[in-house]
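Chains A and B supply the protein sequences, listed in that same order.
Note that the UniProt record's numbering has the first sequence beginning at 1, numbered continuously upward.
Note that the UniProt record's numbering has the second sequence beginning at 1, numbered continuously upward.
Careful, some of the hints might be misleading.
List time: in silico BS3-like cross-link candidates among lysine-lysine, alpha-carbon distance up to 25 Å [what the hints assert, rightly or not]:
| no. | chain 1 | residue 1 | chain 2 | residue 2 |
| --- | --- | --- | --- | --- |
| 1 | A | Lys376 | B | Lys354 |
| 2 | A | Lys131 | A | Lys181 |
| 3 | B | Lys147 | A | Lys103 |
| 4 | A | Lys334 | A | Lys78 |
| 5 | A | Lys237 | A | Lys299 |
| 6 | A | Lys52 | A | Lys299 |
A short list of chain A residues far from chain B (calculated; beta carbon distances all over 10 Å) [claimed, not checked]:
| no. | residue |
| --- | --- |
| 7 | Thr64 |
| 8 | Leu66 |
| 9 | Val73 |
| 10 | Lys169 |
| 11 | Glu179 |
| 12 | Gly224 |
| 13 | Thr253 |
| 14 | Arg257 |
| 15 | Gly320 |
| 16 | Ser322 |
| 17 | Glu331 |
| 18 | Glu356 |
| 19 | Glu361 |
| 20 | Gln367 |
| 21 | Val383 |
| 22 | Glu385 |
Because the hints were derived from the structure by calculation, they are not lab data.
Note that the Cβ used here is the ideal one computed from N, Cα and C, for glycine as well.
Single-letter residue listing:
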Amino acid sequence: MVSTSYRLVRTTTVSFKRGLSQAVKSDQATSASEAPQVSSGGSSLHPQEIPKDAVKFSLKPFATHLIEAPEPVAYATKEQLLAYHRTMTVMRRSEISADLMYKAQLVRGFCHLYDGQEATAVGIESAITWKDALITAYRNHCQQLGRGDTPFTVLSELLGRYTGCSKGKGGSMHLYKAENKYFGGNGIVGAQVPLGTGLAFAEQYLNTGNISVTMYGDGAANQGQVAEAMNMAALWKLPCVYVCENNKYGMGTSTDRASANTNFYTRGDVIPGIRVDGMDVLSVREGMKLAVNYARSGKGPFVVESVTYRYHGHSMSDPGLSYRSREEITEMRKRADPIELVKSRILEQGWATEKELKSIEKEIRQQVDEMTEKAKQAPLPPVEELYRDIYVEGIEHVRGTLVNNGLGNYLA
Amino acid sequence: MNITSTVATVAARWSRCRFLHTSSSILCSQVGLAVEQTIQQQLGSSPETTRMNLFTAINHALSTALETNDKSVVFGEDVAFGGVFRCTTELQQRFGSHRVFNTPLSEQGIVGFGIGLAVQGFQAIAEIQFADYIFPAFDQLVNEAAKYRYRSGGLFDCGGLTVRAPCGAVGHGGLYHSQSPEAYFAHTPGLKVVMPRDPIRAKGLLLASIRDKNPVIFFEPKILYRSSFSQVPLEDYQLPLGKAEIVQSGTDVTLIGWGAQVHVLCQVAEEAKEKMNISCEVIDMMTLLPYDLETIVQSVKKTGRVLISHEAPITNGLGAELAAALLEPCFLYLEAPIMRICGYDTPFPLANEKYYLPSKEKCLDAVVQLIHY
Chain A
1 MVSTSYRLVR TTTVSFKRGL SQAVKSDQAT SASEAPQVSS GGSSLHPQEI
51 PKDAVKFSLK PFATHLIEAP EPVAYATKEQ LLAYHRTMTV MRRSEISADL
101 MYKAQLVRGF CHLYDGQEAT AVGIESAITW KDALITAYRN HCQQLGRGDT
151 PFTVLSELLG RYTGCSKGKG GSMHLYKAEN KYFGGNGIVG AQVPLGTGLA
201 FAEQYLNTGN ISVTMYGDGA ANQGQVAEAM NMAALWKLPC VYVCENNKYG
251 MGTSTDRASA NTNFYTRGDV IPGIRVDGMD VLSVREGMKL AVNYARSGKG
301 PFVVESVTYR YHGHSMSDPG LSYRSREEIT EMRKRADPIE LVKSRILEQG
351 WATEKELKSI EKEIRQQVDE MTEKAKQAPL PPVEELYRDI YVEGIEHVRG
401 TLVNNGLGNY LA
Chain B
1 MNITSTVATV AARWSRCRFL HTSSSILCSQ VGLAVEQTIQ QQLGSSPETT
51 RMNLFTAINH ALSTALETND KSVVFGEDVA FGGVFRCTTE LQQRFGSHRV
101 FNTPLSEQGI VGFGIGLAVQ GFQAIAEIQF ADYIFPAFDQ LVNEAAKYRY
151 RSGGLFDCGG LTVRAPCGAV GHGGLYHSQS PEAYFAHTPG LKVVMPRDPI
201 RAKGLLLASI RDKNPVIFFE PKILYRSSFS QVPLEDYQLP LGKAEIVQSG
251 TDVTLIGWGA QVHVLCQVAE EAKEKMNISC EVIDMMTLLP YDLETIVQSV
301 KKTGRVLISH EAPITNGLGA ELAAALLEPC FLYLEAPIMR ICGYDTPFPL
351 ANEKYYLPSK EKCLDAVVQL IHY
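Using the sequences and the accompanying hints, generate a full structural model.
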């Protein structure tokens with residue numbers, strides 16, 4: 001009896017909140033540059049299923065641990081490559097927008113940019129669906145975009161506006177997309193890894209067939225809790241794919257100065273692993289497919305190391321030049337830029353002309369710029385948000401926070 | 001307590017108040033640490049000083065510690081290049097990478113490793129990059145460091161361990177770069193917890209913490225790293241732990257705080273004097289565990305009104321402990337309930353930081369309420 005009435009009350013509150021957020025959201029335009037869902041739903045589950053119009057691309061060889069390396073090839077269609085190109089461009093433009101806004105001091109606090117690493121985010125998404133759980137660390141703007149959010153909401157959140165995905169209360173590091181099972185967005189290094197392991201346990205328990213993709217970095221690989229989580233996953237054969245984004249630097253410390261074993265794909269010990277080229281979206285996708293199939297089939301966890309690179313420093317307060325040379329960054333941009341790689345493949349196959357691709361990029365740039373301007377005009381969260389969402393039952397106010405129930409109430 | 005003694009106590013308080021109103025502040029320095037005097041006792045009446053900020057003073061203290069004890073080491077994330085707040089600048093160049101070195105990103109590992117070093121007789125000076133990241137090491141600090149001496153009956157101890165961590169609001173830190181976790185550790189017998197408010201005290205307190213034969217957690221208010229300056233003596237000196245300091249004397253209200261909040265309380269005292277002729281006594285606890293109860297009791301007995309203020313959330317913050325501890329000895333001397341103006345019971349907010357913090361205005365409001373109670 002009691003539980004029913006509670007549930008009724010809760011539903012009302014929840015629907016009121018949802019109505020409120022929808023009212024706010026109806027102001028924002030949903031535009032064509034919403035990142036298209038690149039996960040292909042069903043077909044990526046079966047690597048043997050090759051679409052008829054797919055072309056074979058050769059990849060850099062994979063390194064593997066405790067499992068046979070797959071052939072370094074990928075079959076991709078025009079639609080797929082164009083979708084990857086589009087999504088990565090949206091991500092790139094969004095990060096550049098964030099950079100400009102931070103430099104203009106509109107975004108405050110901390111801001112960790114992902115440009116250079118887009119292929120990892122898109123490659124992961126292309127091998128899973130939005131029914132699979134995803135969790136990552138603080139460099140998470142592009143994961144939010146990859147899970148179906150728009151630059152408007154992401155940039156709003158960075159600006160601390162009410163139109164942001166976390167109502168402006170999370171900021172850059174805390175982006176979430178509940179309906180697409182994106183669990184964020186975590187500020188504390190390594191803390192998301194045991195969390196992701198728990199997500200996997202739930203999927204296994206409920207027999208959903210879904211997996212959990214738990215991302216972390218080369219710095220976090222040295223956190224004790226990562227080893228603890230992996231041990232549990234291996235012991236209980238949890239459907240968890242651990243993705244270590246090795247961008248060569250943990251803040252300012254290069255991997256060889258932080259880790260005794262820099263082969264992060266082997267750090268799962270008894271857990272099989274694969275190292276992929278994180279600058280090549282197809283390499284990430286194929287490596288992920290191996291891992292995802294392994295985990296989904298009930299064999300247990302898998303570790304994917306994605307060797308990638310970030311053009312920006314660790315965060316916007318880090319110029320990123322004191323521990324690496326400008327030449328290194330320029331070299332990576334020239335030689336290994338993920339968007340350029342996809343473009344060159346598209347052009348090679350004659351699937352689009354240089355002009356067409358440039359016009360797509362220009363269109364996306366315009367749309368992201370428009371969204372940026374809209375986000376700058378968006379409203380701040382009301383001050384009551386300070387004490388909402390601390391507990392599930394909304395506390396009307398926290399002691400002493402309102403002028404008219406100040407200290408007098410406190411002394412009473 | 002019978003009526004006679006109560007009246008006598010009240011009368012004694014009254015007369016003392018009236019006497020103090022007209023006298024100088026000499027009587028007030030009976031308790032509380034006299035910092036300048038303490039330094040002069042060690043270094044003579046005019047030691048050579050330089051104006052420096054907090055991170056430079058910390059740097060001085062660390063290099064003094066490394067100079068004076070061969071078995072001292074400094075380690076933590078990114079300390080080799082100088083640290084994210086420059087507290088460890090040039091230490092590796094001067095003392096070598098076998099004594100000043102980086103650790104991987106492993107707080108639990110850093111503190112546990114530091115405890116082991118300390119048990120072997122080293123002065124292990126560990127840095128946790130932000131106090132918000134200290135929690136993976138919570139078990140090591142509370143279960144190992146705090147209890148080593150006790151559980152071995154004195155056979156072993158990790159007194160050489162000092163854990164330094166920047167804490168406190170900085171304007172844009174959000175949930176994980178602004179926390180003040182002193183209350184969690186001040187609840188642990190076996191640990192000492194220290195928080196300075198300016199460079200001259202930081203250097204003395206840090207050297208005392210490093211050399212204290214107990215594990216000490218030394219919180220440094222990060223907003224003061226560049227904004228707080230003092231004339232700091234260049235030589236080696238220490239300030240005793242466990243003593244609070246009376247920053248300025250007063251007669252009407254006692255304001256108790258620590259770290260950056262002391263500066264807010266000094267502003268409150270100034271404005272209260274200017275606008276309302278209320279004389280405030282400001283006390284900086286400096287050591288949060290073991291805290292100097294005697295000084296604050298003497299002060300509250302004198303003024304009868306007390307406000308405790310800290311950035312950390314109010315519920316179960318250290319203010320609650322001090323309020324409870326003050327109550328018994330000062331019950332009959334109190335003219336108003338003990339008040340706390342602290343951070344709200346919310347996670348440290350991102351956009352609403354200014355609203356969340358115990359600002360000067362909120363504290364002034366409390367002072368007025370105390371006076372008019």
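Results of checking the hints against the structure:
1. A:Lys376 x B:Lys354: 21 Å, holds
2. A:Lys131 x A:Lys181: Given pair Lys131 (chain A), Lys181 (chain A) holds - Cα atoms ~7 Å apart, limit 25 Å.
3. B:Lys147 x A:Lys103: 48 Å, violated
4. A:Lys334 x A:Lys78: With Cα atoms ~24 Å apart, Lys334 (chain A) and Lys78 (chain A) stay inside 25 Å; holds.
5. A:Lys237 x A:Lys299: 6 Å, holds
6. A:Lys52 x A:Lys299: With Cα atoms ~30 Å apart, Lys52 (chain A) and Lys299 (chain A) exceed 25 Å; violated.
7. Thr64: 25 Å, holds
8. Leu66: 24 Å, holds
9. Val73: The claim holds: Val73 (chain A) sits with its nearest Cβ about 36 Å from chain B, beyond 10 Å.
10. Lys169: Violated: least Cβ distance 6 Å, not greater than 10 Å.
11. Glu179: Glu179 (chain A) clear of chain B: closest Cβ-Cβ about 23 Å, beyond 10 Å.
12. Gly224: 5 Å, violated
13. Thr253: 7 Å, violated
14. Arg257: 7 Å, violated
15. Gly320: At roughly 14 Å from the nearest Cβ of chain B, Gly320 (chain A) sits farther out than 10 Å, so the non-interface label holds.
16. Ser322: 7 Å, violated
17. Glu331: 23 Å, holds
18. Glu356: Glu356 (chain A) is indeed farther than 10 Å from all Cβ atoms of chain B, at 41 Å.
19. Glu361: 33 Å, holds
20. Gln367: 27 Å, holds
21. Val383: 6 Å, violated
22. Glu385: 7 Å, violated
Hint violations for this structure: numbers 3, 6, 10, 12, 13, 14, 16, 21, 22, all remaining hints satisfied.
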